Amino acid sequence: MFQISAEPLDAARVMAAVRDPAAGAVVVFTGTTRRTNAGRRVVKLEYEAHERMALTEMRRLAAAAKRRWRLRKVAMVHRIGVVPVGEPSVVIAVSAGHRDEAFLAGRWLIDRLKEIVPIWKKEHYRGGAVWIGAQQGGPPRRRAIYPARRGR
Amino acid sequence: MFQISAEPLDAARVMAAVRDPAAGAVVVFTGTTRRTNAGRRVVKLEYEAHERMALTEMRRLAAAAKRRWRLRKVAMVHRIGVVPVGEPSVVIAVSAGHRDEAFLAGRWLIDRLKEIVPIWKKEHYRGGAVWIGAQQGGPPRRRAIYPARRGR
Amino acid sequence: MKTLQIEVCFFAALRERLGERTMRAVPRGTTLAALWRALAAEAPGLERLPVRFAVRERYVEPSYVLRAGDSVAIFPPVSGGA
Amino acid sequence: MKTLQIEVCFFAALRERLGERTMRAVPRGTTLAALWRALAAEAPGLERLPVRFAVRERYVEPSYVLRAGDSVAIFPPVSGGA
Chain G
1 MFQISAEPLD AARVMAAVRD PAAGAVVVFT GTTRRTNAGR RVVKLEYEAH
51 ERMALTEMRR LAAAAKRRWR LRKVAMVHRI GVVPVGEPSV VIAVSAGHRD
101 EAFLAGRWLI DRLKEIVPIW KKEHYRGGAV WIGAQQGGPP RRRAIYPARR
151 GR
Chain Z
1 MFQISAEPLD AARVMAAVRD PAAGAVVVFT GTTRRTNAGR RVVKLEYEAH
51 ERMALTEMRR LAAAAKRRWR LRKVAMVHRI GVVPVGEPSV VIAVSAGHRD
101 EAFLAGRWLI DRLKEIVPIW KKEHYRGGAV WIGAQQGGPP RRRAIYPARR
151 GR
Chain F
1 MKTLQIEVCF FAALRERLGE RTMRAVPRGT TLAALWRALA AEAPGLERLP
51 VRFAVRERYV EPSYVLRAGD SVAIFPPVSG GA
Chain V
1 MKTLQIEVCF FAALRERLGE RTMRAVPRGT TLAALWRALA AEAPGLERLP
51 VRFAVRERYV EPSYVLRAGD SVAIFPPVSG GA
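Residue numbers (my numbering), protein chains in the order written: chain G, 1 to 152; chain Z, 1 to 152; chain F, 1 to 82; chain V, 1 to 82.
Just so you know, not all the hints are guaranteed correct.
[Said to hold, decoys possible] Okay, derived cross-link-like pairs now, BS3-like style, lysine-lysine, Cα gap no bigger than 27 Å in a straight line:
| hint | chain 1 | residue 1 | chain 2 | residue 2 |
| --- | --- | --- | --- | --- |
| 1 | Z | 73 | Z | 122 |
| 2 | G | 73 | Z | 66 |
| 3 | G | 44 | Z | 73 |
| 4 | G | 66 | G | 114 |
| 5 | Z | 114 | Z | 73 |
| 6 | Z | 44 | G | 73 |
| 7 | G | 114 | G | 73 |
| 8 | Z | 66 | Z | 114 |
| 9 | Z | 44 | G | 114 |
| 10 | G | 122 | G | 66 |
| 11 | G | 73 | G | 122 |
Rather than coming from a laboratory, the hints here were simulated on the basis of the structure. Bear in mind that the values here come from a model prediction, so they are computed numbers and not experimental data.
One chain only, chain G, in its complex shape:
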């Protein structure tokens, strides 16, 4: 299951999507934006995605994780549009024969999603809003985003 969704995420459904009779371990990660970011109080969040590319990149990440670890199934969903503070914006589930792989792959997938998958967050504060990431300078992290060097 790979989805970009404007509806509230259902972590139980994502978990169910990786059920597998050969899986001994399932790890589910849920990420939620908190009320305060760098000392500013967030009143509303908004996510935007390059949807087709985001789905392509999620599938590529899942495939790379499966090459790297012995996994059974991977599911990744991300919410877009306005997200109330405290509601999940991302859910990732991994099933594997053993817990080592499930934990390592789960952690790797959320780290890579944040580096690679084309989704952007706008934080709304009282009296202003900021696109996160747009102000950060510095060159792209090549290892992370360019396909030819990825998945090793």
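We have chain G; now place chains Z, F and V onto it with these hints.
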């Protein structure tokens, strides 16, 4: 939430138990015994617990994890009695401000649960059954089980 | 020499061999290791099994000296967690 | 010298400044970096922003040379995932 339960486990309920407005990350681990263990086909599982001690040890593990990492909430449930192959026997959920802590604590809690919490598994095969752990020799792993040396 | 009444509970494989619980009278100064040696002598092969001890729901070492009113649990290495 | 018709989509902060999409005619041999310099010149402060490039839904480097029919996406560093 700390429970020893004779009923099927509901991972979504365990996940809900660690919801917290200050949590940016939730990690849920679900462990399921697989159909084959060391080449033998398992037809049925049975878990037995020293229930009060198991609950005490789970709470102590959660407290130790909270000393070690900045966590919000921890929930641990383990099933006892007959468990059909493929149904979860343990669910652990951790919420934290950040994903680093949630992943590390989740992994640590399941590792320590398997070393410390007084629960035993009996695997039933065609024509026999074995209590797992009862045949293993060697001295106790002191660091793991004795309270005075634990939680560092 | 005074004796102590000690309640002992067994779990898992040990429960199947020795029953759920038993009461034992032991001399003052008896360690858990000695109590277990006496209990294990009652069924063949038991003394070779690895065991863990708990008193009042806390793990204790085999050298623990029993006290009046102690409730002891003796069980195999744990194997929960899937 | 022939020109290519290139469709460009913007996302997030760039979309708010430059709109969702635009068509551009560029000379053969134009790189993404050059295309972006031309686009960024249209609004103040844009050329200082960090950007990423994708062609046909794959990340490509700024040195990529545009080809006929390319659909280009230009966007800020990503920030999804909570």
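Hints broken by the structure, by number, lowest first?
1, 2, 9, 10, 11
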